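Peer 1: Here is how the chains run, residue by residue.
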Amino acid sequence: MLTRSPRRFWRFPLNRRRVLRGLGVAITLPVLDCHRSSAATRTPTQPRRMLLISNNLGVLPKNFFPADAGTDYTPSLYLQELAEFRNQFTVFSGLSHPAVTGGHSTENCFLTAARDPTRSGFRNSISLDQFAVESLGQQTRFPTLNLGVNIDKANRSLSWSRDGVLLPADDSPAKLFQRLFLQGDAQQLDLRLKRLQERASILDVLRDDVRLFQAGLGTTDRSRLDQYLTSIRDLEQNLATSAEWEQKPKPAPTAQPPQDIPDPARFFPKIRLMLDMARLAFESESTRIVTLMIDGFATPVFQIDDQRRTGDGYHGLSHHGQSSQKLQELEQVDLRQMQELKQLFTALAATQAGDNHNLLDHTMVLFGSNLGDANVHNCTNLPILLAGGGLMHGRHLAFDGLRNTPLCNLFVTMLRNFGLELDQFASSTGMISELL
Amino acid sequence: MKPRSLTNTVAMLHSPRYCRPLKGFTVALRLLVVICSLAALSAEHTIAAGDSDVPPGILQFLQQHCTDCHSGQKTEGDFSIDNLTFQLDDAAIRRRWIHVYDRVAQREMPPPDSSVLNNADRQQLLDQLSPPLEAADLQLILKRGRGPARRLTRSEFQNNLRRILLLPQLDIRDRLPAERDAHGFTKVSALLDVSRVQLEAFLDAAEAALQQAVASRQPPPPAITQRFTGLDLFPELSTFGEREAMFFARDNRLVAIDGGMFSRMTPEQRRDPSLELALFRSATWPYYGYPRGFLAKESGAYRLRFAGRAVRQVRDFRLAVALEPAPLSFRARQPSGPDVSGDVRETGGWMDLQPELREFETTIQLRAGETFEYSPLGLPVPFIRTDGGFFYDYPPMPAEGHRGVAIRWLEVTGPLREPDWPGASHRVLFDDVAIEKATAAEAERLFRRFAAIATLRPLTDASHAPFLSLIRQKLAAGTPPATALLAAFQAFLCSPHCLYLTEPRPGEPDQHFAIASRLSHFLWNQRPDERLFQLAATGQLRDPDALRSETSRLLADPMFSHFVQGFADEWLDLRRLRRDLPDERLYPEYRRDDYLVDSMELETRNFLGTLFTENLPVATTIHADFTFVNDRLARHYDLPRVSGSKLQRISLPPGSPFGGLLTQAAILKHTANGTSTSPVLRGAWVMEKLFGQPPGAPPKNIPSVEPDIRGAQSIRDLLNKHTAAPECARCHAKFDHVGFALENFDVMGAWRDRYRGLERGEKVTGIDPAGHPYTYFVGSEVDASGTLPSGESFQDIQQLRKLLIAQPRQLARNLLHQLILYSTGTPVSFADRREVELMLDAAATDGFRAGDLLHAVVQSSLFLGRGE
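Heads up: the sequence lines are chains G and S, in that order.
Residue 363 in the numbering used here sits at position 363 of the first sequence, with consecutive numbering throughout.
Plus 436 on top of the position in the second sequence (first one is 1) and you've got the numbering used here.
Extracted from the complex, chain S is given alone in its bound form (with noise of 0.2 Å):
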């Protein structure tokens, strides 16, 4: 078996438990074994004891402290010290070194319980352990670099080509395969492989978003504006979910057509503007509703004007006028019916309908075919019950009536004209030139031109040798010049030179311009802009003022949201939000309400955003007095109302159990598989991601706790079953209390005291809000209290965070570890680690700042490059 490293990111990352799911991809193992070395050692090191290489000190603290458990038979936790050389430049035998130095360091190793260390005993191990370590790992470092090439992510690539070839709507993401991740990282060079899949993949999408480029030059057929009202707003006269769902409406009173009157219609009175359509569910299937008869003919940009209002829908179906705003978007699909066959997006963003009513105008996007349907945020969904047959059933009319929104007209245009048509797109690659009958000469500028936009570091004169012949080849074969050019470009599109982040190397001509896109795909996800460039063009970027106020400035660019949304992503692991669906049996409030989960996931981007901009201290992860709400989440949070869906800081009222990422919906929710909460991994969770402390892997043959969903047992009882053992206590002790006390947070992170079951406790029924009847039971009370390893107990979250704030220091180092892995692809090493506290050294003096952080590890040699 493989050693696992028990303490840091780092080597969870390199461990055989993350790498597992990869297993028979041989060319990323071997890569992974090469670059990661964590291959088992392998018997080719057996030394016998007496000629062992290693220095006689430490060898004394190992027979004396660790041989009990980690030699013969006998290899706790799958580490054996057996066999175990000196050959510190071998990277799988350094690495187990440092498991070594980590766990004596932590006081892991030896157990407590099982052997007496004094502290000096201790310290002279590492003070011994320590130098050389550095010293092999450094020296690596110093002759190769601290990680290989890294190739983009496809999100990166997309954002280039958008980029380069000034397509802002560019859909190519997709096309390429999803990059594998380790610990939710994406970005790390060693799991950045290109294989004949990807490879064929890159060349499709260059070639695809060069296609669009070219086909901009087609002049676009003219914008069409058509003006829907009266009956021509809907589709059909009725909808699933009948009158409770949809009516036309005249001066707030329904109209009732059916199909007879409808055909008796002129189509004059089928357009009556006076004529309201009024709508009081959310789009979902099979329940749709889009304007009569429209379909995008081309893809492309559509303007969108109505006019629109908040309603109710009060008794006998008349609207009284709303109390609050009602969030609208909509849709994107094909007009199939309510047997959706396409893709479903949401397009044009979300606006708040007023009581009154008020003109909207949004731009959607449409692929041909496509049409647009409304889509209400946040109201309950018709859906087809399929208990004992098929039909609908109705909420009970709340108090105030049902919420909803009143369309008076709408208008679409489209699709939108280029504003400087044959537009700029086409001038990237042709600049002004008439393609059609240019010379060679001409190919070869236009050619070395769109390599000088495409390029992330300077090109010689030799490297456009390899294109600049393609084309002569194709131009003497008698291919037309447009189409020997784009064979070029798409070639260079995916060559190295547009693909591959290389390290800065101090003295190397090109390392500016490595330190410039090492930045801008940091904190842009995208490659460097014109200033940035400019800065590397002039040697300036290890300036360190240069170097800080540029890295300002991207902080403070709208394009900053980029990074934002990549950080949380990987960090905080929130592309896996929408992972599961709530229990529909166990939370029935929640069922499909993606309204609630959209605005999670803008309340915590919004949080780790401010973090930075503002320069917030680092421990606000787990503490804050404030947070993002809109209309839902206040709600969610049982916080005084908001109005409206856009997400507004507020302050939390003194004693709420809400503010700091800890407690965030988002984070709750992914760390809870929407049937149950389980302390064990909300805990192990928020000690690696939060803290930097992960858990080591379960040990195999341990089967994992599973919920009692009746409710019979609570899952405290469950799990003090399950490490009654003292082996299985000492672990878990490290991260379940963290869990413990966000037991009173559901699936969906709202607050609860007690839990749901399915059979125990006290019956409530009730019909929710798609009309389907539910019976749960309010059964036992939450018990969040528990005890930190330290010993310190608490009762509740607020006494846990109180505990946990006091270690701003492990929050900070953290926080660089995640800072350097994103931004770098290379996880922190032995060697970065003296670097590492100096920069916790110096952002100490003000409260570990994250903002600050950030800057120091900008201007580290660890992201600048180290020389020889």
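The shape of chain G in the complex, shown without the other chains (with noise of 0.2 Å):
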């Protein structure tokens, strides 16, 4: 797949020999603030987010979906926690993802939609979030955060490079802080710039080749060589605000650092104080994508509030072979989480983001599962919850129950809205106007 070159609003008119320079030697106020601020005013509307969230084990189908579509849908149990919220989400039904199946191995897919995790021969494929930077450039210090909750790092992720590698998960909020709010030491800047000097040294000396190489040509060669010293000059500029980051002093951070929970029990409180980290995180224009997988499958019995603890795994409970005590217990579960989300959406909608808007407005908050029915691995009618993001909400959008719609239309949509110019990602087929 090709990918865009970055957004023009983006392209500042940095010198090249100026920034090089810059690489070497320590600048302390970057040229890149300048045209920041002058990139804001050419574009008085504010950059949009995402928050791609998965819980790999799902909910309980029955009480998370409408039984009615459209915009007077009745709100299912789950949904009336959102209640106050609903003119700002879409829920969906008849999603997923085709010919990804496989049971909890589809876990992994969640963002990619990279078919049949088991079969021989399978290599994970580009995530999303990794997609949508690839295709952008770095904006921001972080080009994504990709955060966990009780996650079994070395095995789960919902993040993953162009070549299928896993990018492992942070999963604690206090180093997330330091990274996020506290200027990092002078030997570890001094490394990376070194890496990135490093590569400008490079293509340095690939744009005087390429040039001598040229020379060579007929023009119809050369014509299409300019298009290699088109892309030393974006990778270019692209290393260079990556060095304007690392130089750049960091945000004031506008809460107290975290205390790390180590008791995966308390799973409701990691999750709050992971949501937390994102919302900060999208405050302070540290990043604008982040991904976070709640792991229920890696969950040993936990608490469901301080009275209440279940009487098994997460994932014992999520097989609950219709037992009514491990349903009840699921529902509260499930419920919670709702809370959970509630409380997301109060915080972001309490923070101003440019005028007469919060940053919910501004952010895509998708929340979903790999997994349909946990109870029986059942990957298709996947639970899936847009928020924010300045989309046309309000809505039950039904697709299909038996030939789902793939659900990479709504990721194809939420890219748009995102700032891309494109009209396919992985598996999708379109897109889903009714949100633009």
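What the hints contain is simulated information worked out from the structure, not anything from laboratory work.
As the structure is a computational prediction, the values presented were derived from the model and not from experiment.
Misleading hints may appear alongside valid ones.
[Claimed, not checked] Listed next, the in silico DSS-like pairs over lysine-lysine satisfying Cα-Cα at most 27 Å (straight line):
id, chain 1, residue 1, chain 2, residue 2
1, G, 153, S, 733
2, G, 248, G, 62
3, G, 175, G, 153
4, G, 175, G, 194
5, G, 194, S, 873
Fit chain to chain and form the complex, with the hints in mind.
Peer 2: Structure representation (structure tokens):
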């Protein structure tokens, strides 16, 4: 797949030599600032953000999906928790990833849609978040943040590189806070800058070389190689951006440093903490894309609230086999999770972002799962909810439950809303135009 | 709307329909417009009819025969001749005239029902149009060459780095973005862009490759041998699918061991070498099995030795002697239990276990942290049922029992050491220099040496300069010599010297190297070998005999398999073979049958290779009396039993519907969608890919035919309704007929006389190999008859075949077009057509043989370049 060059309004007219010098010697005040402000005046709208959340055990489908569709839908038991935000989210039914089957193994494909993860020769593909970054280039200090709650970091992630390599999740809010707000030590900074400098010097050589090479070519070939020169320039600017960010002072935190919660049984406080971190990251302009895997599979017996504990580990609970005891507990767990979502929406909505707008208006929050029904390992009819981001909300968009619409159609819609001009991502067959 | 060309692959390649998915990629589009120049004609060419520069004879023809439908408000087929000038040096205008030429030449225009045109008038127009078109096209080719420099594909880049760095297992392909394709072809100059993303990926890939080359300097950890016997052969005492899937046996009898017994056993008892591990199911989720406790500590190659045999499980868990061999492979994966999390890769190849116990040895590739699981091929899979619960079911035991394998012991040794540490890769980079202490002069020598190894064409002294200056700068700044050199190597590997193939231009100093590279990337998908470089250096590649013998040498080499795989993927779309899974309700017998799909892919590859290496007539693509099958494929085709997994060449019985690409399972599978077959899609694919006569893009606003999988309406009824209007029928007549004849083949290419549906017909019920109950209905009979556009009719595929092989010249012309695009990266242009026809004339005498056609392409000026 080909990706387009960075968006124009972020392509500031930096002088290359000046930037490269900047890579070597530590300039304290970056050139970037003035360009950003000029860019900001040209584009009054706030940039979009994405928060992509998956719970790899899903929710009880009958409590999640509304029975009727459209704007007048009757909220399901779970959606009643979000009643206050009814016009700021859309609930979807009838979405799934085509041919992504294989029970729990599909958890790593939620944002990649890579087909049939248990077959021989399987290799995962690029995830939605990484694809967006690759296409847009780095515009913030962190291209993305990849977070997890109770996550088995070695084996699970929502974020995958182009060549299908797992990008491990961060599961420590305390360390994350440091990365976001505390200046790193000089030695590490120096190392990172050296690496960027190395790349820049290689690009310098290539530019000289391509020019020499071009001289011996006919016009058609020469213009073909112009593309190569353009790529060098684009890449250099990208490096320059990274270097600027490395040297730029980090934003001041608006909250106290958090303390990690090591006990996996304190599941919901952990989720709350991570969602807070995501909000802080958006608010401080540290990143625009956050993924969060809530790893229910790796969650042992846990606390539903201060009084109650589950009778079984989350995975055991999810295979409820229609046991009324387990169903009851699951319902409580799902409801608690919806309350955390509500808390997040409330916090985002309370954060000013631009004139007459709040952070929720600019942030697409996707909540879903790779499992439609964890009890029977079903990977169709996934529970999907999308809030915020300035899209048309307030509906239950019901697609065919037997012949599902690709979830990637929603992803394409989100990517377009994020600022990418494209028609296709992974298994998509179109868009969900109702949102636009 | 943009004009569409309807006849040849060349034009289709550029047609907007095929560029559509790329919309938004502005850089690419801009280039496509420049190079392909299929931009819509803009108003700037407006010329009043009176003062048109179109030659009078042609203008008169247009006014007489074309304006009714292609002028003013009426633009049939989105084609208007208004404002069409005769500025033939403008590629977009030239292309429109070629479109006119082709429609008239093919007798499609003017349509027979709306205008009467005698042959003389038709020929007269063609004679008037052809010379100026050819002249304009040729002029451009002479000035600029046929096509621009072509970037390497990611497979080529990986292959070349493997060769340069002597790292045969190097795995960097997937670090690079996948290429775009036009009609399945990725080796197309105009599509092989470089953007920031690609450049960065190339730099990353080259860096990773160089790191591996250097890393091999570290002495590898000593190889360790671990032997597994008894209960250590499996990670658990039982698995999903219970005893039907796996048990331990002694003297052909079940040895039942539970957790309690296991905990009381001594290590020696657990390793009891008289026990056998018996497996009866293919590896799949959630079923898994690997030796207890094995984990690769390092990435690398591991030698695997084991003793095993093919068995049958008969009544009450007894083992009986197998009736046929049982193929086995291994799958590399993380030992994460039924929850597979990482990659799963088949490794070690296919081995046929025999009814008697034998020893086997193979080499597998593992990454650190991985283990390997037994992967018996073609056996049922125990698969979880999700219809109303969480449970497994078992198919009834076949009369001859469950087929399976028994493993007696297994030994794994690794990681295998390189024989000549510190390694050949290291010497490619640093020769035998003690690199830590290398002087600037030595570093410079090492760079020149490496560049000479890696470049695709001779380097001038000046072209070393940018790289040498980088090395000097770095050394001056105190960078260690190895680091400085590696940076320069990395840059060089991503520079145009290694990344671009240029067109040979007669008279230019590099021409022989351009020929050598074009030839090797064509037939081996990688850089020239030493001999080819030698011939380039001594300027011998324009000698027809030398070139012919080199071509033959490359064809006969095992590396020709790269061509076969690449050309099968691109020409025959085999890359799409695994796109759809067969519908589990309609085709339960194919559930998770990877072995069948892998086998059909091998059949088509073997067949395609044979076509060239044995120089068979091109009509063999349509009709052959042989094919390649193994045990699974023979069953699939209802052929007499064949034993073993290795594909063998067999003669087809007289009257067999199989034989030839046209009816190979791989082709029939990827031209269906797993659930239903469409005569439209299959027919269109065959006409485009095998005959080079692609149908035009479907008109807008006409929905495609949705097959009725309930079984109530046949596809033919639906299509008859769909094509009732004459304007629809006219186009569909060009390709539907082939599709109708192929209706006798199901979504996986097996023969069928009747359709299956989910609601109507004879009810069939059973339990599929994965233990799912199924119900489908065998419905109406297949009607495979049809009529060709020529009026000839046929009853079935056999009769159609006879009609189709009567057009060998068109089959050969198409093959030439495909080979020319694949080898030169540029489609056949109007000016190339004359030479293509000459090649056909020459090949005609011997019945248009595939090998002869390939040689003809290599010897042509299209391949070797034209001088001014």
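Peer 1: Could you work out which earlier hints the structure fails to respect and list their numbers in ascending sequence?
Peer 2: Hint 2 is the one this structure does not satisfy, whereas the remaining hints hold.
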